[in-house]
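Model the full assembly from the supplied sequences, consistent with the hints where possible.
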Amino acid sequence: MSFDLKGMLSTIAPTIATVIGGPLAGTAVRAGLNALGVTPQEGQEQEQLASAVAKATPEQLLKLKEADQAFKVQLKKLGLEAEKIAAHDRDSARQMAAKTGKEPQVVLSVAYTIAYGVVMYCFMAGKVAVPDQQQILFGSLIGILTAAQVQILNFWFGSSAGSKDKTRIIGEGQHG
Numbered sequence: 001m002s003f004d005l006k007g008m009l010s011t012i013a014p015t016i017a018t019v020i021g022g023p024l025a026g027t028a029v030r031a032g033l034n035a036l037g038v039t040p041q042e043g044q045e046q047e048q049l050a051s052a053v054a055k056a057t058p059e060q061l062l063k064l065k066e067a068d069q070a071f072k073v074q075l076k077k078l079g080l081e082a083e084k085i086a087a088h089d090r091d092s093a094r095q096m097a098a099k100t101g102k103e104p105q106v107v108l109s110v111a112y113t114i115a116y117g118v119v120m121y122c123f124m125a126g127k128v129a130v131p132d133q134q135q136i137l138f139g140s141l142i143g144i145l146t147a148a149q150v151q152i153l154n155f156w157f158g159s160s161a162g163s164k165d166k167t168r169i170i171g172e173g174q175h176g
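Start counting the sequence shown at 1; every next residue gets the next number (the numbering used here).
Please keep in mind that the hints were generated in silico from the structure rather than gathered at the bench. Don't take every hint at face value.
[To be verified] Pair by pair, the computed Cβ-Cβ distance ranges are:
{"no.": "1", "residue 1": "T11", "residue 2": "E47", "range": "53 to 61 Å"}
{"no.": "2", "residue 1": "N154", "residue 2": "T57", "range": "17 to 25 Å"}
{"no.": "3", "residue 1": "V130", "residue 2": "K72", "range": "39 to 47 Å"}
{"no.": "4", "residue 1": "T113", "residue 2": "Q60", "range": "54 to 62 Å"}
{"no.": "5", "residue 1": "G143", "residue 2": "P58", "range": "42 to 50 Å"}
{"no.": "6", "residue 1": "Q41", "residue 2": "S10", "range": "21 to 29 Å"}
{"no.": "7", "residue 1": "A129", "residue 2": "T39", "range": "52 to 60 Å"}
[Stated by the list, open to error] Each computed EDC-like pair below joins lysine to aspartate or glutamate, with the alpha-carbon atoms no more than 20 Å apart:
{"no.": "8", "residue 1": "K76", "residue 2": "E66"}
{"no.": "9", "residue 1": "K6", "residue 2": "E47"}
{"no.": "10", "residue 1": "K55", "residue 2": "E45"}
{"no.": "11", "residue 1": "K77", "residue 2": "E66"}
{"no.": "12", "residue 1": "K102", "residue 2": "E47"}
{"no.": "13", "residue 1": "K6", "residue 2": "E66"}
{"no.": "14", "residue 1": "K63", "residue 2": "E45"}
{"no.": "15", "residue 1": "K76", "residue 2": "E59"}
{"no.": "16", "residue 1": "K77", "residue 2": "E59"}
{"no.": "17", "residue 1": "K65", "residue 2": "E45"}
{"no.": "18", "residue 1": "K65", "residue 2": "D91"}
{"no.": "19", "residue 1": "K102", "residue 2": "D91"}
In this text, a Cβ means the ideal position worked out from N, Cα and C, and glycines have one as well.
Structure follows, in structure tokens:
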């Protein structure tokens, strides 16, 4: 298609434009179609949105902008809900450890952290030769191991969206 959908949407509906191409693309496209009064046809949604945006009246573009703002609020709510679920999950694990004893968690955490350190040392010191055809797979494995290490640290020391927001706000205060 010669029409640049994401380019056009980025000025009118930046949140929807950003989400197109990601896991929530279908939801974003349907939000745009609904705002423009177009009934989605299965498998044709992005083409429909591109056509509708190209032909939209100023009133329809205003409705699209309003839909974008509503979509942004919806995404924030989903993010907050996801963080609440994650926080509850961490709290449940901590409560279980408090009731049953922390020995299994300590042993597993220490063993994993030592093994992770050994793997990372061997990798960084060049002691592991990874064949070219396995580079992507090995990179994924390192990412998975690192993510698991972060989970262990989150279990023991906690993590929250609040600390991320605090860091972002402090950063914004220093720049603006």
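Hints and how they fare:
no.	hint	result
1	T11 - E47: 53 to 61 Å	20 Å, violated
2	N154 - T57: 17 to 25 Å	49 Å, violated
3	V130 - K72: 39 to 47 Å	42 Å, holds
4	T113 - Q60: 54 to 62 Å	56 Å, holds
5	G143 - P58: 42 to 50 Å	46 Å, holds
6	Q41 - S10: 21 to 29 Å	24 Å, holds
7	A129 - T39: 52 to 60 Å	57 Å, holds
8	K76 - E66	16 Å, holds
9	K6 - E47	12 Å, holds
10	K55 - E45	15 Å, holds
11	K77 - E66	17 Å, holds
12	K102 - E47	55 Å, violated
13	K6 - E66	17 Å, holds
14	K63 - E45	18 Å, holds
15	K76 - E59	26 Å, violated
16	K77 - E59	27 Å, violated
17	K65 - E45	18 Å, holds
18	K65 - D91	39 Å, violated
19	K102 - D91	14 Å, holds
The structure shown violates the earlier hints numbered 1, 2, 12, 15, 16, 18.
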